[in-house]
Amino acid sequence: MQTVTELLIWLPLTVITFLAAEWLYRRSNFAGLLHPVLTACVLLIPLLLWLGVDYAEYRSGTLPLLWLLSPATIALAVPLADRLPQLRKIWRPVVISVIAGSAVAMASAVLIGWLLGLDALMLRTLVGKSVTTPIAMGVAEQVGGAPELAAAVVIVVGVMGAGFAVALLNALKVNHNAARGIAIGLAAHGVGTARALQINAETGAYAGLAMGLTGLVTAGLAALVALFL
Amino acid sequence: MLAAALLAACQLVATALIDFGHLPVSTPVLGMFLLLVLLARLGETPNGLRQLTSWLLRWLTLLFVPAGVGVMLYLEPLRNQWIALLITMLLSTVIAMAFTGWFLQRLLARKGDADGD
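Chains as they are written, first to last, in the numbering used here: chain W, 1 to 229; chain Y, 230 to 346.
If we strip away everything but chain Y, and leave its shape as in the complex, we get:
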């Protein structure tokens, strides 16, 4: 119960912050950030919260299905753009993964040299 109230509180506070501050972020993302800051300050996750969230996350994938089905709203714009869309997704994913792997490996190598290990 307490855990559910905590999640609801994160959602409420996030909604309030977004409304009053006119922040261009979505409620769940800001709520997640608030909970992360709270947990980091707390240093450990209470058991009840862990049980509730692992149940929610077990079903997280199911929750995307109604949204995914919403693709049917966009069949018209997709009809003549789907090939360009797939190519964009593929190239951009290759670039992002290659860049991040190469860049972090370089940074780590430099850190290794500086530490002398």
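If we strip away everything but chain W, and leave its shape as in the complex, we get:
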């Protein structure tokens, strides 16, 4: 009975908050800091804390959304399959740089975090920080991090990456559309891909391709890492 009440309250409230946050995001012309997930969390967390509702209760009230996350992640295979033909001409350099780049992203996060004194849970959560949210949550689960924290970390990383991408790549004189798009999609997943699409369609397409490939490669590398943990 209690679960029904939770569903009646938290499910619609989450959907409405999200739709309002998404509206705001569109109105702001997709300003990174107004990413709808960030806005929704910033509104919902204080509300829950203020009402004294714990996360387990909120979670059981939004369980249908969590059930859909798994099939929706599997559904990412469709846009990725659409982009495979793009790989045909330059698959070797792209695949090599996605593997190398994913390893650099994972290793640099863990190394810098360790040097700055982050605890083990944070370090394990950071392993998948540059891949798209559903995969990052899976990677955090694989290596013993916190999937909930991974979701927030990933979105903030995307917002940061999308913010400095153009300035950084220009400064490094990376001007090839494929190199720019792959670099943005690898380091800043979906939020970066949206930014790359604003640069031009080709850069955006490569960013989307890199987002998918990086997710697969990172999950594979994390599986190897997990064997040694």
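Calculated directly from the structure, the hints in this document are not laboratory data. Incorrect hints may have been included.
[Said to hold, decoys possible] Derived pair list, reagent style PhoX-like, types lysine-lysine, alpha-carbon separation capped at 25 Å:
id, chain 1, residue 1, chain 2, residue 2
1, W, Lys173, Y, Lys340
2, Y, Lys340, W, Lys89
3, W, Lys89, W, Lys173
Following the hints, position chain Y against chain W.
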């Protein structure tokens, strides 16, 4: 219906493979990989599947909200680590993006020379 069954089948097969093989990957990621291999072999995406997945992906961002709210479970460890966490995220993202862009551009330039174009 068929499309939903296909997604469910990918999820089931992935779960079974992980359970029996004790694989250290998550179900959705392996399921996505299985579907990708299937679609690549098929050569095209069936229409029903495309409709269902584009509907699911339209709402994908909403599905992260309950997980994102889960940050409230970690307010205690975040209290004295959030600055270090943000710095780590920023530096590592700069390094990953700069390295990948520079590295791929080099590889492409070399390929261009070899092809003579």
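Problem - Violations among the numbered hints, reported as their numbers in ascending order - result: Going through the list in order, the structure violates no hint and respects every one.
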